[in-house]
Amino acid sequence: MNGFDYWFPFIVPLTSMVAGIVIFFLKEEQHQMRTFINLAVAGIKVILVHIMVLGVYQNRFYEFRMTMFGDVDFVLHADSLSLLFVSLSAVLWLVTTVYAIGYLEGSPNRSRFFGFFSFCVSATTGIALAGNLITFIIWYELLTLSTYPLVIHRGTVDSLKAGRLYLAYTLPGGSLILIGFVWLVSLAGPVEFAERGSLAHVAAQHGPELTAIFALLVAGLGVKAAMVPLHGWLPSAMVAPAPVSALLHAVAVVKAGAFGLVRVVYDLFGIELCARLSVMPFLAAASTLTIIYGSVRALFQDDLKRRLAFSTVSQVSYIALGISILGPIATTGGIVHLVHQGLMKITLFFCAGNFAEKLHIHRISEMDGIGRRMPWTTVAFSLAALGMIGVPPMAGFISKWYIGSGAVEAQQQWVILVLITSSVLNAGYFLPIIYRAWFAPVEGRDDHPIDWRLGEIHPFLLWPPLITCLLALLAGLFAGAPASPLFWAEVITTREYGL
Amino acid sequence: MTPYLVIALLVIPIAASFSALLTNHIVRLASRRLAALTIFCCASLVAYEITLSGEVVDIVLSGWQVPLGIRLHVDGLSALLLVMTGFIAACITFFAEAYFGKQAQRGRLAFFWPLWFLAWTALNGLFVSGDAFNLYVTLEIINLAAVAMVALPRTEEAVKAALGYLVIAFLGSLSYLFGVAILYTSLGTLDIQLLAHRAVADGPFILAAVLMLIGLMIKTALFPLHFWLPPAHASAPTPVSALLSGLVVTASAYMIVRFGFTVFAPLLTTPVTMLLGLLGALAVVWGSLHAFMQERVKMVIAYSTIAQLGYVFVVFPIVTINPDSVSLVWYGVLYFMVSHACAKAAAFLAAGTLKKALGHDSIAHIGGAAIHWPMVLMAFGLAGVNLIGLPPSGGFIGKWLMLQGAIKAGQWLIVATLIVGSLLAAAYIFRVLRVALRTPEGPPPQAQNIAPLAALALILAMAPLLLGVFSQFPFALLAVGSPFGGAP
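Protein chains in written order, with our numbering: chain A, 1 to 499; chain B, 1 to 488.
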């Protein structure tokens, strides 16, 4: 193992951390310098992550370890699951950075914004790479702290209120996780995340305690994953600028919660222990409730961003549902949805941001004929929305297909019913938007031919949704190809189940 | 070389104190800057050498052996506290220079500097002294110097606060001194290590312990003996507030931990520790709630001190209920105390800078401060992260260890207190930040140049962060001469 391999998992979060600190000290008007640092670091990160992905595929294991105190270490390691999340965040980060630069042009306090923005990506990669409990919670809380200034970025009364709500949910959630982790450490010693779980040595004599710990962890992580009834912060956090919403929903915060659930189930407790404790039906019930509830609430929102927010509440729980079925195929579906939902949801939020930025349209009732005025943005929006419903060949179809067939394989046919209900509801709140955008009659505009010249909005705002939408399409079309998210999710499943 | 460095830690500040009285202001300026930096370097060197050698340093002054002579006892804990004091006090020294400006060259405020270095000498002395009477002397010097510094502005408010503080400090010292006297008559020594060997739980010893503990509890402002702290800490000039809340209360809390875990160990039965724990929990909740209700930033921080010191007592029951967790609690409390001292001093410096810039520190009227002076609010926020106990701060590590101790002992009430305390701390810290982050209504008021003040607050606020990130070094240091073995 050469020296560079050792430092690798440490360097990846460190790059954006350092960038954040540098950006803090830039003057407000050093616009080009800031843009350069942002894009350079985001680009470097994508490359570094790419190298690690190749390494891990060849069964290399990257690990960074530093003693904190006593026998407690600070551990960052790259396994197949961490890399799925790291590559998602690295790629989407680059895109979101471009979008944010375009979106915030000329607005105040950009140094503060991009500083915390970088901290936020640092924390997300840290969560992905965390190799043990204390490391995970360090990054997890750092994520809370670094997203708070982003949520309240506008400094208005509404955004400050949303920020307070955000902390009122996430800090107690973090405390529950802290209790769970410390409890686990005092039962089982310094446990680390390892494929197939790492609690086998205490499973026999501590059953009830482990069940309680599992409940604590799910409740704590459920806050960020916005599981009902812990989702209250998410819709109100919509007051944040569009790139932040995109980020909160697709990559950073809700995904950190969902990723944490995957980690806890597979790499901490392990499938066998989860099955033995029979805790999974509860997780399945909670995620089913969330899926249905979120979709129903989304139906009744007229504000576009709020509708998307409730859609996130619903969609993220597919991940939890997929892992709670405890079969390899459903697992693949749940894990791959981590990526697919990210790609589609970030597209939707970019598009919503574009509508608001260019046409000042925030409500669905105002969206009549919007497809004629901003065709490319609306194309991206429509494709992503179809993907969310689960229409082939978009990525969302693949996730739903795998979760469904995994459920059948595991003899849990009721899941199919959940999927169908949810898809109908998804169609119920997305199709009207698509209809309005393209087909609703608008007086005096019908006779104009659509202008397809890509000049509808600043390129920094137009290309990000187009790219992410294309990625979502490709992830669906070429799901069987090597290097697709599905392929990687299957690699993870193989390793988790020891197949 | 370590003994000489330890002596230097006592000689340099006292020399600086005299220099501040006697010489002209250019020599003063140079000598205090030099002194501040040298003391910090000496303290760091002591810590470095102790970590390397792994051995406790005992210095017997003027050749008289214990129990007759005076012994200086420098273990890892003392060394860590010396470095902490050196760093915080050096930051405050430079801060005070910029804060008082030309005012402190002559007139009343000129007395700040001799008093300041006197207090610093006594703090260093307290952390290295190995016998109960020397601890009393140094504690008394610290208090007298502090009272004088609180009274320095000579406004009615300041004099009132100083008087209240003086009375309470004397009561505390008196109680402690009586305890020490009884201890000496019954056990024939004042050396802490000999005391720990000779201690038997008989009548005089119990009486002595109770008197000493009550004295120290008054000084540590444990609920319900806390009422004197907020006015004294909040109304003092900012550098003095930072000294009081950061270092002075830490000194008495240190004595409680030192005595509680060693000399008084035979006396700690479950009812006793339960009582202490209960008082601590009340302090946490009561202090935090009051911090949340304050209208001035400095008052918030002062009440927060009461709450945070409560944690030192909250975990005492674990010691008797589950002796296996003692080492977790010992390391947790100490790490918590050290991080808290840095964070609290930094929070006061940030609040003072804000006060300087705005002319007031009323929370209702600091809207937009985070936009005008981001560095100040960053410092406050970083300090706040530690007070809440969030990673990556030293306070988080302290809390992690204390939680682990509590869970191992099955003390879920203590777990609940620790968590509730954190959440309440988040409530009062973010209450301030939230207003400050509001979009400002106009341009910033024309203030003096506060950049140096803000920078110093920020540097000090980095300390708890460094304690969180590079925790292995302080833990290695703490393990030297620890009564409970290496870090858990």
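Since the hints were derived computationally from the structure, they do not count as laboratory data.
Using N, Cα and C, we set each Cβ at its ideal position, and we do this for glycine too.
The reader is advised that the hints may include incorrect statements.
Chain A side only, calculated, beta carbon under 7 Å to chain B, not exhaustive [as the list claims (entries may be wrong)]: (1) Thr67; (2) Met68; (3) Phe69; (4) Ile138; (5) Glu141; (6) Ile152; (7) Gly155; (8) Leu171; (9) Ser175; (10) Trp183; (11) Ser186; (12) Pro190; (13) Val191; (14) Ile450.
In silico SDA-like links for lysine to any residue, alpha-carbon gap of 20 Å or less [to be verified]: (15) A:Lys161 - B:Met375; (16) A:Lys161 - B:Lys160; (17) A:Lys161 - B:Leu109; (18) B:Lys160 - B:Leu109; (19) A:Lys27 - B:Met375; (20) A:Lys358 - A:Leu477.
Right, here's what the structure says about each hint:
1. This hint holds: threonine 67 of chain A has a C-beta 5 Å from the nearest C-beta of chain B, less than the 7 Å allowed.
2. Restraint check, methionine 68 of chain A versus chain B: the minimum CB separation of about 5 Å is within 7 Å; hint holds.
3. Taking 7 Å as the C-beta contact cut-off toward chain B, the hint placing phenylalanine 69 of chain A at the interface holds, the least distance being around 4 Å.
4. At its closest, the beta carbon of isoleucine 138 of chain A sits 4 Å from a beta carbon of chain B; the interface hint therefore holds under the 7 Å criterion.
5. For glutamate 141 of chain A, the interface hint holds, the least distance from its beta-carbon to any beta-carbon of chain B being 5 Å, beneath 7 Å.
6. At about 6 Å, the closest approach between the beta carbon of isoleucine 152 of chain A and any beta carbon in chain B falls short of 7 Å, and the interface hint on this residue holds.
7. At its closest, the beta carbon of glycine 155 of chain A sits 4 Å from a beta carbon of chain B; the interface hint therefore holds under the 7 Å criterion.
8. Interface hint status for leucine 171 of chain A: upheld, as the beta-carbon distance to the closest one in chain B is roughly 5 Å, under 7 Å.
9. The closest approach between the C-beta of serine 175 of chain A and any C-beta of chain B is roughly 5 Å, which is under the 7 Å cut-off, so the hint is satisfied.
10. Interface hint status for tryptophan 183 of chain A: upheld, as the beta-carbon distance to the closest one in chain B is roughly 5 Å, under 7 Å.
11. Given the 7 Å rule on beta carbons, the hint for serine 186 of chain A holds: about 5 Å separates it from the nearest Cβ of chain B.
12. About 11 Å separates the beta-carbon of proline 190 of chain A from the nearest beta-carbon of chain B, more than 7 Å, and the hint is not met.
13. With 7 Å as the threshold, the beta carbon of valine 191 of chain A stays out of range of chain B, its nearest partner Cβ sitting at about 13 Å, so the hint is violated.
14. Nearest Cβ of chain B to the Cβ of isoleucine 450 of chain A: about 39 Å, over the 7 Å cut. The hint is violated.
15. Distance check on the hinted pair: lysine 161 of chain A and methionine 375 of chain B sit about 23 Å apart at the alpha-carbon level, beyond 20 Å; violated.
16. For the proposed pair lysine 161 of chain A and lysine 160 of chain B, the alpha carbon gap of about 40 Å is over 20 Å, so the pair is violated.
17. For the hint linking lysine 161 of chain A to leucine 109 of chain B, the alpha-carbon distance of about 44 Å lies beyond 20 Å, and the restraint is violated.
18. Between lysine 160 of chain B and leucine 109 of chain B the alpha-carbon distance is near 18 Å, which keeps this suggested pair within the 20 Å criterion.
19. Of the pairs offered as hints, the one joining lysine 27 of chain A and methionine 375 of chain B holds, with about 13 Å between alpha carbons and a cut-off of 20 Å not exceeded.
20. This hinted pair does not check out: lysine 358 of chain A and leucine 477 of chain A have alpha carbons roughly 31 Å apart, beyond 20 Å.
Hint violations for this structure: numbers 12, 13, 14, 15, 16, 17, 20, all remaining hints satisfied.
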